[in-house]
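S.K.: Residues per chain are reported as follows:
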Amino acid sequence: MISYTDAQILKGILRHDNLILQYIYKQYYYKVNYFIKKNQGSEDDASDIFQEAIIVIYRKLKENDLIFEKSSFQGYLFSVCRLLWLKQLEKRRIEKERLNDSLPYQEDVYDDNLIELVEKNEKYGLYQKHFKTLSSDCQKLLQMFFEKVPLKEIARIMGYKTEKYAKTRKFKCKELLIKRIKQDTEFKKILEDDT
Amino acid sequence: MTPKTELFGRIEDYCLNLLDAKEKQEFENELAHNEELQQEVKLHKDIQDAVLELDVLALKGSLEKIQKENPVNYSENGTFALLEDLNEIQELKEELTFEELIDSFDSLPKVHAYQHGKTVNENIHRFYEEQNGADAGEFENELDGIELEDFEGLEEAILETDILNLRDTLKQVAKSVEPQFSVEEIDSYLNGELGDDILAEFEAELEKNQDLQFEVNLHAELEDAICEDDIMNLRNEMKNIIQSETSWNVSERTIEDFIDGMLEEDLLAEFNAELKENTDLMAELALREQINNAIGETDIQNLRAMLGRARKESERKEVKSIVMPQFDLKSTRFWRNSVAMIIILIGLLGALQMNMNTAQQTYTKYFETPSWAAERSVSDVNVNDNLQEARLMFAQSNYENTIQILDKVPENKDSFVKHFYTALSYQNLNKFDKAIDEYTKVIDHGNNLFIEEAEWYKSLCYLKLNQKQDAKNELMAVIERKGYYEKDAKAIIRKLKYSPE
Chain W
1 MISYTDAQIL KGILRHDNLI LQYIYKQYYY KVNYFIKKNQ GSEDDASDIF
51 QEAIIVIYRK LKENDLIFEK SSFQGYLFSV CRLLWLKQLE KRRIEKERLN
101 DSLPYQEDVY DDNLIELVEK NEKYGLYQKH FKTLSSDCQK LLQMFFEKVP
151 LKEIARIMGY KTEKYAKTRK FKCKELLIKR IKQDTEFKKI LEDDT
Chain B
1 MTPKTELFGR IEDYCLNLLD AKEKQEFENE LAHNEELQQE VKLHKDIQDA
51 VLELDVLALK GSLEKIQKEN PVNYSENGTF ALLEDLNEIQ ELKEELTFEE
101 LIDSFDSLPK VHAYQHGKTV NENIHRFYEE QNGADAGEFE NELDGIELED
151 FEGLEEAILE TDILNLRDTL KQVAKSVEPQ FSVEEIDSYL NGELGDDILA
201 EFEAELEKNQ DLQFEVNLHA ELEDAICEDD IMNLRNEMKN IIQSETSWNV
251 SERTIEDFID GMLEEDLLAE FNAELKENTD LMAELALREQ INNAIGETDI
301 QNLRAMLGRA RKESERKEVK SIVMPQFDLK STRFWRNSVA MIIILIGLLG
351 ALQMNMNTAQ QTYTKYFETP SWAAERSVSD VNVNDNLQEA RLMFAQSNYE
401 NTIQILDKVP ENKDSFVKHF YTALSYQNLN KFDKAIDEYT KVIDHGNNLF
451 IEEAEWYKSL CYLKLNQKQD AKNELMAVIE RKGYYEKDAK AIIRKLKYSP
501 E
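Chains as they are written, first to last, in the numbering used here: chain W, 1 to 195; chain B, 1 to 501.
Just to be clear, a hint being listed does not mean it is correct.
[What the hints assert, rightly or not] With a straight-line Cα cutoff of 30 Å, these simulated DSS-like cross-link-like pairs (lysine-lysine) come out:
#1 W/Lys132 / W/Lys172
#2 B/Lys239 / W/Lys132
#3 W/Lys179 / W/Lys161
#4 W/Lys11 / W/Lys132
#5 W/Lys188 / B/Lys490
#6 W/Lys26 / B/Lys171
#7 B/Lys208 / W/Lys120
#8 W/Lys91 / B/Lys239
#9 W/Lys164 / W/Lys188
#10 W/Lys152 / W/Lys189
#11 W/Lys161 / W/Lys120
#12 W/Lys189 / B/Lys490
#13 B/Lys482 / W/Lys179
#14 W/Lys189 / W/Lys164
#15 W/Lys148 / W/Lys91
#16 B/Lys495 / W/Lys188
#17 B/Lys239 / W/Lys62
#18 B/Lys495 / W/Lys26
#19 B/Lys239 / W/Lys179
#20 W/Lys37 / B/Lys208
#21 W/Lys129 / W/Lys152
#22 W/Lys152 / W/Lys188
[Claimed, not checked] Some chain B residues near chain W, calculated using beta-carbon distances under 7 Å:
#23 Asn249
#24 Leu267
#25 Asn278
I should point out that these hints are in silico values taken from the structure, not numbers from a laboratory.
Note that CB positions come from ideal geometry on N, CA and C, so glycine has one too.
Extracted from the complex, chain W is given alone in its bound form (with noise of 0.2 Å):
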């Protein structure tokens, strides 16, 4: 199987592409898929925390945060997926301390920065889980209203009479995503991290 470098690897996740990210499936997630199930999680744990720890690293990467030093892609994947893992183990109140440890991680890469992104990431993962289970229309009317996109383009684009209809639709909508974030109960959780 060909392999690819640090370097093609961060670059193919900036562009999203389906050739490498396979790749990083096959090379890494069955390590992960065992550390999880070592540590009291399940196949879905696996395989939620690892396409978290790929968003996280991108992030990073947009953030253009991320230089392996010490470190290399694996060590940081890793490290990144055991760190999720454990803090899902201390929202499940389960003791860490006796962690099946089968992943090689890097201490070092345990930043405040890195902490900062992954609670941001949970928490906008969150909300993005629940704008989709919005009707199409009311995502894509909330879309276009965030990306300033004109009331009346908007109106037009969905067939709308008035402008007024639009906005009035879009409070309808936003109204009912934050209902359902906030009756999540892992929204509660992590809120209850946050304090």
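Since the structure of chain W is already known, use the hints to place chain B on it.
M.R.: Below, chain B alone, put in the same frame as chain W:
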């Protein structure tokens, strides 16, 4: 203290102007200071005025009399009987003009009745119907047979004032913790659309109100999160990969080589290292080994083949006797024989089922002629007249003409289009050897978008020719590409493993 009866007498005298000047002066002095007296006097005056409305009273009496003499039959829809006179007019025209109504006899009451009829279904009308005494009476009648004592605990419930108060208090508390600013207002604030006066109020509140700060933050974060299109796409992409891809880092061929004990030392060490932790790979390996074991059951396969032959022979043999032998239903031997026959028949059906899964059946299942897509070639081949004509013929399933026309297309760097559709045409004409030659040219070209399809269709040709090893090789190439046909190719390979050689 003045007795009540005496007080009422004085008030009445005052209201009827029967007091002398002195008494009146005294009374008015007291009235100026005594609020209770003022209220009493007002009440007396009101009663007096009401009683004095003799005309109204007379009219009310007359109406009651009329009502008693002519009981009104309320129609089902609640309209007045007067409306029935309008039938004639309504027959002439569905919608009446105002003039038509005015010109008709008794027009004004009819206008009222007409409007009444039109608004009969309106909520307000229903509301007044509910106020109707007759209905209320009916309800009271319904309640007549019910003793309040029957509602166990009703009285106690009503008397639970502490609970009622607590409920009210809770409502008030709930109201007080509701967000003071609506989604609309918070949004307007974030978009800088709040008016100056409200903005000042909002900001003042925001400064000291933590809940409001939380709400505003949530709104702002939401906006950012929803705009993260790229993150949402990446997440989807990762989800798809996790769902559709195998999670092991070795090729199918390596797994097969491992099973066959053909892996070289380095590769073997690598494979074993992954196998130790990769549970998916363990499962795949176990499956493949089980399949191999199943295939290795030659005795079972021989038995199956024998049963197949027996079935064929039995089909060929003529029925020699048309007279059915006599069966003794009570004989245990008869039942034993019957059960044995049924078991053999089930076995034969199983063998028949296995035979259905032959390479031929697989071919029919998977072969599907694709539509013409010459636009996948690098240069603009659409301008080529011959290709245009060939496309037309191909679309009409006229494969012989397609081959003839494509034959005229000169060889160039884009000839893979010509060879691919020539191959497909041959395949449709069941000329598989020729099709394989043409597909090979497409694959050998090495740099075009038809290669994966050429490999796929070539493998199907081998399948049809029953050249299973060649078919398997091509299918392995398709799997390695991890493209559109990967899953189908894997499925065929598994089928080939099960089917007899």
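S.K.: For every hint, state whether the structure bears it out.
M.R.: Consistency of the hints with the structure:
1. W/Lys132 / W/Lys172: 16 Å, holds
2. B/Lys239 / W/Lys132: Roughly 14 Å separates the two Cα atoms, so the pair holds.
3. W/Lys179 / W/Lys161: Holds: W/Lys179 and W/Lys161 sit about 27 Å apart, inside 30 Å.
4. W/Lys11 / W/Lys132: 27 Å, holds
5. W/Lys188 / B/Lys490: 46 Å, violated
6. W/Lys26 / B/Lys171: 57 Å, violated
7. B/Lys208 / W/Lys120: 25 Å, holds
8. W/Lys91 / B/Lys239: 23 Å, holds
9. W/Lys164 / W/Lys188: 34 Å, violated
10. W/Lys152 / W/Lys189: It is violated: about 40 Å lies between the C-alpha atoms, which goes past 30 Å.
11. W/Lys161 / W/Lys120: Answer violated: W/Lys161 to W/Lys120 is near 38 Å, above 30 Å.
12. W/Lys189 / B/Lys490: 44 Å, violated
13. B/Lys482 / W/Lys179: Judged against 30 Å, a Cα distance of about 43 Å means the pair is violated.
14. W/Lys189 / W/Lys164: 37 Å, violated
15. W/Lys148 / W/Lys91: 37 Å, violated
16. B/Lys495 / W/Lys188: Violated. B/Lys495 to W/Lys188 sits at ~51 Å, over the 30 Å cutoff.
17. B/Lys239 / W/Lys62: Judged against 30 Å, a Cα distance of about 20 Å means the pair holds.
18. B/Lys495 / W/Lys26: Between B/Lys495 and W/Lys26 the Cα gap is close to 26 Å, so the pair holds against 30 Å.
19. B/Lys239 / W/Lys179: Holds: B/Lys239 and W/Lys179 sit about 26 Å apart, inside 30 Å.
20. W/Lys37 / B/Lys208: Violated, at about 47 Å.
21. W/Lys129 / W/Lys152: 29 Å, holds
22. W/Lys152 / W/Lys188: 37 Å, violated
23. Asn249: 5 Å, holds
24. Leu267: Hint on B/Leu267: violated, closest Cβ of chain W at ~11 Å, above 7 Å.
25. Asn278: 4 Å, holds
When each numbered hint is compared with the structure, violations occur for hints 5, 6, 9, 10, 11, 12, 13, 14, 15, 16, 20, 22, 24.
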